[in-house]
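Chemist: Given chain A, put chain B in place with the hints provided.
If you're matching them up, the sequences are chains A and B in order. Residues 1 to 143 in this note's numbering are what the first sequence lists, from first letter to last. Residues 1 to 154 in this note's numbering are what the second sequence lists, from first letter to last.
No lab work stands behind these hints, which were simulated from the structure alone. These figures come from a predicted structure and were not determined experimentally. Even for Gly, the Cβ is constructed at its ideal location relative to N, Cα and C. Any given hint could turn out to be false.
[As the list claims (entries may be wrong)] Taking beta-carbon pairs under 8 Å as the criterion, some of the chain A residues facing chain B (in silico):
id	residue
1	25
2	26
3	29
4	33
5	43
6	49
7	54
8	85
9	94
10	112
11	128
12	139
[To be verified] Derived CB-CB ranges, DEER-like:
id	chain 1	residue 1	chain 2	residue 2	range
13	B	135	A	81	30 to 38 Å
14	A	80	B	62	43 to 51 Å
15	A	63	B	135	32 to 40 Å
16	B	86	A	83	18 to 26 Å
[Claimed, not checked] Covered by chain B, per the in silico footprint, the following chain A stretches (three or more residues, Cβ under 8 Å):
id	stretch
17	1-12
18	103-111
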Amino acid sequence: MQSINVIPPLVGGALVGVSAGGYWLTHGRIAGVSGLCASLLDPTDRARGVKAAFLAGLVLCGALIASMTPSAFANTTSVPVAAVIVAGVVVGYGSRLGNGCTSGHGLCGTGRLSPRSLVAGALFTLGGASSLLLTNAVMGGLQ
Amino acid sequence: MNRLLAFVWGSLFALGLGIAGVARPSTILGHLDLFGAWDPTLLTALCSGAFVYGIFYHAVTRFTGSAAAMQRTPPTNRKIDRPLVLGAALFGAGWGIAGMCPGAALASAAHPDGRVFVFVLAMCAGMLAHGPTRAKLTRTAPRGGLSRFEASAR
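Bound conformation, chain A alone (with noise of 0.2 Å):
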């Protein structure tokens, strides 16, 4: 195990939270950025406004950290692009058809102690351990 600096995630998570806190009491909505999305992506959604707003500030504002602290984002520089794809894509699939992620399942569902979220949880850990095993062996690490 890593010996990490707990201040940042701490703090940084505590700021998340109070994000999809805010926007539970402001709006009524579960903050998961799949379902929020996908509503873009669907026509007939009649709330597209308000996510996408919420969208929108997530894209802006994390452009706008990365330009001024560009480590605090994405540093991949070494998947190949196929590779990206390929997980996009099963990301995706998987967010809709488990109804969450990261932020649905992991954050709100498990702050909320929703035992869909909590088993959820575990399995994207599970899986993704599993596949991080697995690129490992067949192409000794895809970073």
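Modeler: Structure of chain B alone, referenced to chain A:
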């Protein structure tokens, strides 16, 4: 006003991800490296976030009246079914390939390395592919009931 508030919550979400360092694929892959040099960053951030969110969730639900009165939409499904297990395992498998999840990828979508953007496009394609194929995979109706096609086929 509604949209402005949602924009603020979304911005705060990105700020939190950035400070926590959980938008970095290396952090995610470190979390998934259960049998190696396991990185406790993601679990620390998630516990902190879930704790804060849990307080919000219960306080809001308790002090501002019933969920229905406030037009809130709390998830009510408690069944651990096949779509959930299959979907979560698939999600995890994809998560472990690139170390990216939807929230972190969107927050990093403007990254100069276009791969994050490619990931977001592929993710949207995967989401779009789900609607028409879910019934085949799970033999259950998609959320929101049967499509017209399926209803007429029965």
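Chemist: When the structure is checked against the list of hints, which entries are broken? Sort them ascending.
Modeler: Failing hints, ascending: 5, 12.
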